[in-house]
Amino acid sequence: MQLLNFNRSLFTQAYKKLPQITKNKKTVSYFTISLSLFTLSFFGFFAIRPTIITAVKLIKSVSDLKKIDLEYENKISGIIRAQTEFEQIRDSLPLVDLAIPGNALFHKLALVIENFAQVSELSINQLQIDNVPISKQSPSGKLQKYSFSLIGIGNYQAMSSFVQHLINWKRIITINSLELTREGGTDNKNLRIALKATAYYEP
Amino acid sequence: MNRKEFAIIALMILLTVIAWIFFSVFGAGRMTSLTETQLKQVVPLTPTFDNDIIKQLQKRED
Numbered sequence: 001m002q003l004l005n006f007n008r009s010l011f012t013q014a015y016k017k018l019p020q021i022t023k024n025k026k027t028v029s030y031f032t033i034s035l036s037l038f039t040l041s042f043f044g045f046f047a048i049r050p051t052i053i054t055a056v057k058l059i060k061s062v063s064d065l066k067k068i069d070l071e072y073e074n075k076i077s078g079i080i081r082a083q084t085e086f087e088q089i090r091d092s093l094p095l096v097d098l099a100i101p102g103n104a105l106f107h108k109l110a111l112v113i114e115n116f117a118q119v120s121e122l123s124i125n126q127l128q129i130d131n132v133p134i135s136k137q138s139p140s141g142k143l144q145k146y147s148f149s150l151i152g153i154g155n156y157q158a159m160s161s162f163v164q165h166l167i168n169w170k171r172i173i174t175i176n177s178l179e180l181t182r183e184g185g186t187d188n189k190n191l192r193i194a195l196k197a198t199a200y201y202e203p
Numbered sequence: 001m002n003r004k005e006f007a008i009i010a011l012m013i014l015l016t017v018i019a020w021i022f023f024s025v026f027g028a029g030r031m032t033s034l035t036e037t038q039l040k041q042v043v044p045l046t047p048t049f050d051n052d053i054i055k056q057l058q059k060r061e062d
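Heads up: the sequence lines are chains A and B, in that order. According to my numbering, the first sequence is numbered sequentially starting from 1. According to my numbering, the second sequence is numbered sequentially starting from 1.
Looking at chain A on its own, in the form it has when it is part of the complex (with noise of 0.2 angstroms):
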């Protein structure tokens, strides 16, 4: 009741003073000014700046959907095509697997080789195949690789044969060094030939 009062004389004491005031008009123009410019402050931080905000997210959200969905499409026809690709060489993937082996297979290397010098007529002296790692490999899916080296004696077509199939095998092979030398004196038609080559796998 007392606050009621004291409110109430307060009021009654500026509705007093207000005439007083507003008689001077370059402080009435300063209190009106004063008075809007702390209003649009006050609705501009309270009301429109978070009006503006949440427009211009929402803006930039159905923006960057449409953007989005339209990727979304794009990703679906190209999975849809590359479906259709894979569906035409399923049958090749073999192939692949061939080419390039989920494990070193050092040991159907070393028989191979041994089948292709057989077919050539070439006799290998020495084969040596770098440290590979024997155990299952978990997919790393990146290429690894190993060198082999072997030395043969044979002549000219036998080599060039062995070489031949080497290329030609279905794993793949990169031949690092070849080196030719006559084996024996000057009329020895036999060569000798070392090799250095890189086999490749992809765990």
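Quick caveat, the hints were computed from the structure, so don't treat them as lab data. There may be inaccurate statements among the hints.
[Claimed, not checked] Taking lysine to aspartate or glutamate pairs in the DMTMM-like style, the calculated list, with each CA pair at most 20 angstroms apart, reads:
no., chain 1, residue 1, chain 2, residue 2
1, B, 40, A, 73
2, A, 60, A, 71
3, A, 60, B, 62
4, A, 75, B, 36
5, A, 145, A, 97
6, A, 26, B, 5
7, A, 145, A, 130
8, B, 55, A, 91
9, B, 59, A, 97
10, B, 59, A, 71
11, A, 75, A, 91
12, A, 170, B, 61
13, A, 170, B, 50
14, A, 25, B, 5
15, A, 67, B, 36
16, A, 170, B, 62
17, A, 108, B, 36
18, A, 170, B, 52
19, A, 57, B, 36
20, A, 66, B, 36
21, B, 55, A, 85
22, B, 55, A, 97
23, B, 40, A, 69
24, B, 55, A, 87
25, B, 40, A, 71
26, B, 40, A, 64
27, A, 108, B, 61
[Claimed, not checked] Which residues of chain B face chain A? A few of them, derived with a C-beta cut under 7 angstroms, are:
no., residue
28, 13
29, 14
30, 17
31, 47
Quick reminder that beta carbons are idealized off the backbone N, C-alpha and C, glycines included.
Mind docking chain B on chain A? Use the hints.
Relative to chain A, chain B alone:
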């Protein structure tokens, strides 16, 4: 504080609020609403296989 200073302070506050609004709106416009997962999902896919390599492999011996 006289009436003129009061008006100047009000004006400064208004200018600050306008600048604040501008930078807030600019910041909101720059922020993307897309998640990391969505951005990863839309990485372009190249749906072509090199058929020449397959043909070349078919010609090779076992």
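(request) May I ask which of the numbered hints given earlier this structure violates, with the numbers listed in increasing order? (result) 3, 10, 11 and 17
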